Amino acid sequence: MTERENTAADGPDQEDEEVRRGQEERLRKVWAAPKGWRYWSAVNNTEVGIWYTAAAFGFMLFAGVLALTMRVQLAVPENDFLTATFYNQVYTLHGTVMMFLFAVPIFEAVAIILLPEMLGARDLPFPRLSAFGFWCFRIGGVFVAGSIFFDAAPNAGWFMYPPLTTDERYTPGYGPDIWLLGLSFIEIASLAAAVELIVGTLKCRPPGMRLNLMPLYAWYVLVVAGMILFAFPPLIAGDILFELERMFDWPFFDPSRGGDPVLWQHLFWIFGHPEVYIVFLPAIALVAMIVPTFAQRPILGYSWIVLAAVGTGFISFGLWVHHMYTTGLPAISLGFFSAASEAVAIPTGVQIFVFLATLLTGRVIFSVPMLFVAGALATFVIGGLTGVMVALAPFDWQAHDTYFVVAHLHYVLIGGMLFPLMAGVYYYWPIIGARKLSDRLGRIAFWLMFVGFNVAFLPMHWAGLMGMPRRVWTYPEALGVGISNLVSSVGAFVFASGVMVIVWDVLRPRGREPYAKRNPWNAGTLEWLARMPAESWGVRSVPVISSRYPLWEQPNFVDDVDKGRFYLPDAEEMKRETLVTTVLDGKPLLCLRVPGPSFMPMIAAIMTGAVFIFATFHWWTLTITAMVLSIASIIIWLWRGTAQIPEKAEKDVGLGLKLPLYKSGPDSIGWWAMFITMTGDATAFVGLIFGYFYFFTIHADFPPPTAVGPGVFWPSIALLLFASAWTAALFARILNRAGRVGPARGLMAAGSVASLAASATLLWGPFTNGLDPSAHVYPATVWVLAIWTAVHGGVGGLMLGYCLARSYADRMTHEYDIDISNVALYWHFAGGTALVTVATLAYFPMLM
Amino acid sequence: MNRLILEPTEVGVINGACAEFCGTAHAQMGFRVVVVPETEFTEYVRAQAQPAAVPESEGLDLFIRNGCAACHAIRGTPADGVVGPDLTHLASRRTIGAGIVPTTVENIADFVASPDHFKPGIEMPAFGMLPKDEIAQIAAWLGSLE
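Quick mapping for you: the protein sequence lines, in order, are chains C and A. When we follow our numbering, the leftmost residue of the first sequence carries the number 1, and every step to the right adds one. When we follow our numbering, the leftmost residue of the second sequence carries the number 849, and every step to the right adds one.
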């Protein structure tokens with residue numbers, strides 16, 4: 001951009017230093033984090049991202065200590081350092097914490113910090129949702145991890161297979177409940193982050209950044225967040241069935257009453273296998289940012305890597321049965337899943353070859369991040385090769401549940417996730433800490449970790465092939481794996497010392513060490529616009545992008561951004577603002593007012609957490625109280641913080657562009673968030689429906705011919721009522737838009753009443769026919785589907801009532817109608833859910 | 849229910865281990881497959897089908913009196929419990945407690961006194977409160993049930 005263009009616009013004179021200083025002061029003030037105890041009400045992506053990252057690393061260190069105690073126990077045969085019962089808690093928590101409290105959350109945490117910076121956005125679209133997710137994670141994490149200090153931790157493995165875990169005799173106490181409820185709560189936080197990151201990637205890119213100009217990291221975020229959206233809900237559905245069996249004896253997994261323990265394995269691994277890629281891809285995303293910088297050239301094969309990432313995401317949903325080769329499934333299934341498991345090596349290989357080719361064609365600058373990247377690729381390839389071995393069913397039958405698999409999965413996870421993450425820590429630390437981490441300590445840490453890792457895990461391949469099973473607290477001397485285990489234990493401590501070197505490097509006092517220079521690695525992407533130390537506002541002005549590496553390829557770029565020659569260089573109204581653009585082309589659509597600090601997300605998270613924690617201990621009165629308070633706090637949060645009517649319809653965002661401050665429908669971010677959330681919700685519902693038809697498939701007669709169902713009459717009435725509520729919501733939106741506020745209000749009220757009546761009628765069917773959910777799996781399945789749908793009716797009724805109140809309070813008008821627009825969208829999903837439920841429960845049995 | 853069918857090709861003892869996590873004592877769920885010529889196998893099956901050759905001893909009396917029979921069966925005696933393993937031919941087994949220790953009278957006595965010491969999480973209560981000589985008598989008697 002030239003100066004001539006800039007002066008042509010009738011905005012402020014960006015060449016005047018006085019003007020710029022005033023703008024910077026306003027921006028700094030608007031985006032500053034709150035001080036004192038109010039600091040914890042911060043919601044900006046920088047603060048929340050850093051808390052999130054620190055918490056996830058804290059959990060990693062905790063799970064690492066658990067791993068070391070296991071290695072001490074296993075160092076010599078027949079050791080008694082840990083008792084069997086305690087060891088079982090330790091190994092269960094090690095897996096659970098590493099997966100649920102470190103590997104997945106660290107992706108969300110790092111993406112919350114980096115994504116807005118890479119997209120030249122000032123914040124993510126829903127900062128308070130990020131904060132809510134963080135507090136949920138923190139509370140749930142401490143609850144699950146802390147249980148071990150009370151000798152009450154889950155003790156049946158991170159996979160929780162029934163019947164071991166559903167039978168009070170084998171797993172007395174609250175362990176499995178803590179696992180199920182604590183993690184369900186954290187899964188909600190993960191889904192919140194997924195919604196946030198998808199909308200952030202699709203709608204908050206800078207002008208001109210078309211999809212094919214996005215940094216690769218953003219592509220990976222999009223793929224992974226999409227995977228979370230489809231992988232976590234089946235687990236939530238499984239958790240619901242599981243907890244109903246544990247608490248109320250509904251026999252979903254009990255074969256003596258028609259249930260099937262293998263259903264849990266399906267639901268768990270439909271989540272569990274994509275999970276591996278949910279963990280792996282974001283780490284590879286860091287590699288995709290680091291490699292071009294240190295090769296000092298753009299990535300080779302950008303489209304290949306995007307296709308490979310998307311391909312991996314798709315294929316990863318078709319592999320789950322390779323965790324179940326020994327459950328006795330038909331050979332044809334094994335053949336299919338074995339082939340799919342081999343196939344995933346192809347897109348994974350593409351990504352690795354793209355990195356190697358980029359390095360080969362560039363001039364590689366060797367540094368600590370590159371060292372970790374090189375170590376990661378080597379380690380991951382070894383893990384990948386053993387993966388191809390265990391993907392073959394006959395080999396897996398031999399290696400299944402032995403230390404061979406332990407070695408394989410650690411090569412994959414540490415090579416594919418931890419080493420790239422450490423590369424990312426060394427690479428991105430200047431953005432957080434304004435200084436580079438120590439080159440010397442980094443090298444020491446890398447070699448300790450790399451050597452320690454291989455010493456610890458390479459011998460496990462042999463231990464496994466010699467017959468050492470997984471998840472054992474000890475082994476007999478006669479097995480002959482004593483030496484191999486001793487070596488592994490020594491390696492584990494060497495590895496841990498490497499981790500401690502990094503911890504020291506991050507935490508050590510810096511004294512007067514000077515700040516790093518800006519863009520210290522000479523990278524090409526937007527996040528390196530950050531000043532050292534970084535300003536709270538993110539970017540000085542939101543740039544126009546025409547290249548994948550604007551810092552390398554767009555002339556005079558940094559100076560233009562710094563002098564505020566792009567969009568939003570000021571905060572005239574003292575409000576936090578960022579740009580919303582179109583999904584495909586990145587055309588400016590809207591100037592989004594982003595909410596500022598608030599304690600409401602934290603309060604709502606505490607209340608929601610209380611629901612899950614009280615339910616774990618069956619304190620029902622407290623649970624219901626917490627549930628009411630949780631709903632109330634969410635409503636207060638929404639009422640005061642969302643869909644606020646701006647003081648003017650549009651504003652000048654710079655460069656002579658005027659943008660609206662409020663939009664509803666598909667142009668708004670809230671509509672997208674609702675759409676994405678409900679997609680996840682529908683996936684969980686599909687998980688429950690899958691349960692119904694799974695039982696139909698495995699039983700010769702399901703529903704059992706003697707069983708009484710919910711009947712046809714009451715479900716049909718319920719369906720009619722659901723349909724009227726759905727129609728009412730739809731027409732309320734249309735009439736309100738058309739300015740006929742009175743009739744619209746009438747429809748909102750009628751729809752609200754109809755949906756509550758629909759829910760009650762749907763439950764009346766099974767109730768009046770006396771369906772006993774603990775008698776057999778059929779009534780249990782009917783009840784769970786009816787309750788799921790009834791809850792959606794209840795929530796839909798509440799939403800319509802909320803819209804009515806907003807309308808009366810003049811917070812929603814015919815022009816400013818985000819609330820009813822999003823609620824109508826909700827009703828499309830709720831109506832669909834009701835239709836499928838009634839069709840399945842009432843009409844499907846008539847076909848037989 | 850899955851069935852695993854193995855076809856032995858050579859005579860000998862083959863070790864196995866429980867692979868899927870099965871509860872507290874998962875590490876100690878070993879088993880042995882003893883492969884013998886067919887005639888020897890037929891003889892073994894015939895011998896195992898016989899009721900116990902109960903030797904004259906106070907052991908049986910103590911066994912019944914202390915309630916062991918509530919869980920264990922010994923065919924040919926009034927002991928007919930079904931919760932715990934059948935002990936009719938205990939002495940003909942190579943190991944006790946699913947491969948933990950060799951079947952000796954001493955090991956049987958220690959096992960009866962504190963089973964939890966051998967196998968954490970076991971449902972059998974400890975009988976360490978019985979007088980030592982009673983445990984020894986029971987163990988000696990069980991150890992003679994070929």
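Calculated directly from the structure, the hints in this document are not laboratory data. Keep in mind the model is a prediction, meaning the values are calculated, not measured. Please note: incorrect hints may appear among the correct ones.
As the list claims (entries may be wrong) - Cβ-to-Cβ under 8 Å is the rule here; a few derived chain C residues that face chain A:
#, residue
1, Asn88
2, Gly157
3, Pro163
4, Leu164
5, Pro330
6, Ala331
7, Ser333
8, Gln398
9, Asp401
10, Gly467
11, Val472
12, Tyr475
For every residue, glycine included, the Cβ atom is placed at its ideal position computed from N, Cα and C.
Each hint tested on the structure:
For Asn88(C), the interface hint holds, the least distance from its beta-carbon to any beta-carbon of chain A being 6 Å, beneath 8 Å. The interface hint given for Gly157(C) holds, since its Cβ lies 5 Å from the closest Cβ of chain A, which is under the 8 Å cut-off. At a threshold of 8 Å, the smallest CB-CB gap from Pro163(C) to chain A is about 10 Å, leaving the interface hint violated. Given hint, Leu164(C) at the interface with chain A, holds; its Cβ is 6 Å from that chain's nearest Cβ, closer than 8 Å.
For Pro330(C), the shortest C-beta to C-beta distance to chain A is roughly 12 Å, which exceeds 8 Å, and the interface hint is violated. Interface restraint check for Ala331(C): the shortest CB-CB distance to chain A comes to about 13 Å, outside 8 Å, so the restraint is violated. The beta carbon of Ser333(C) is not positioned within 8 Å of any beta carbon in chain A (closest approach about 14 Å), and the interface hint is therefore violated. The interface hint given for Gln398(C) is broken, as the beta carbon of that residue sits about 10 Å from the closest beta carbon of chain A, more than 8 Å.
Because the beta carbon of Asp401(C) sits about 4 Å from the nearest beta carbon in chain A, less than 8 Å, this interface hint is met. A hinted interface residue such as Gly467(C) counts as satisfied when its beta carbon comes closer than 8 Å to some beta carbon of chain A; here the least separation is about 6 Å, so the hint holds. The interface hint given for Val472(C) is met, as the beta carbon of that residue sits about 4 Å from the closest beta carbon of chain A, less than 8 Å. Given the 8 Å rule on beta carbons, the hint for Tyr475(C) holds: about 7 Å separates it from the nearest Cβ of chain A.
Consistency note: the structure conflicts with the earlier hints numbered 3, 5, 6, 7 and 8.
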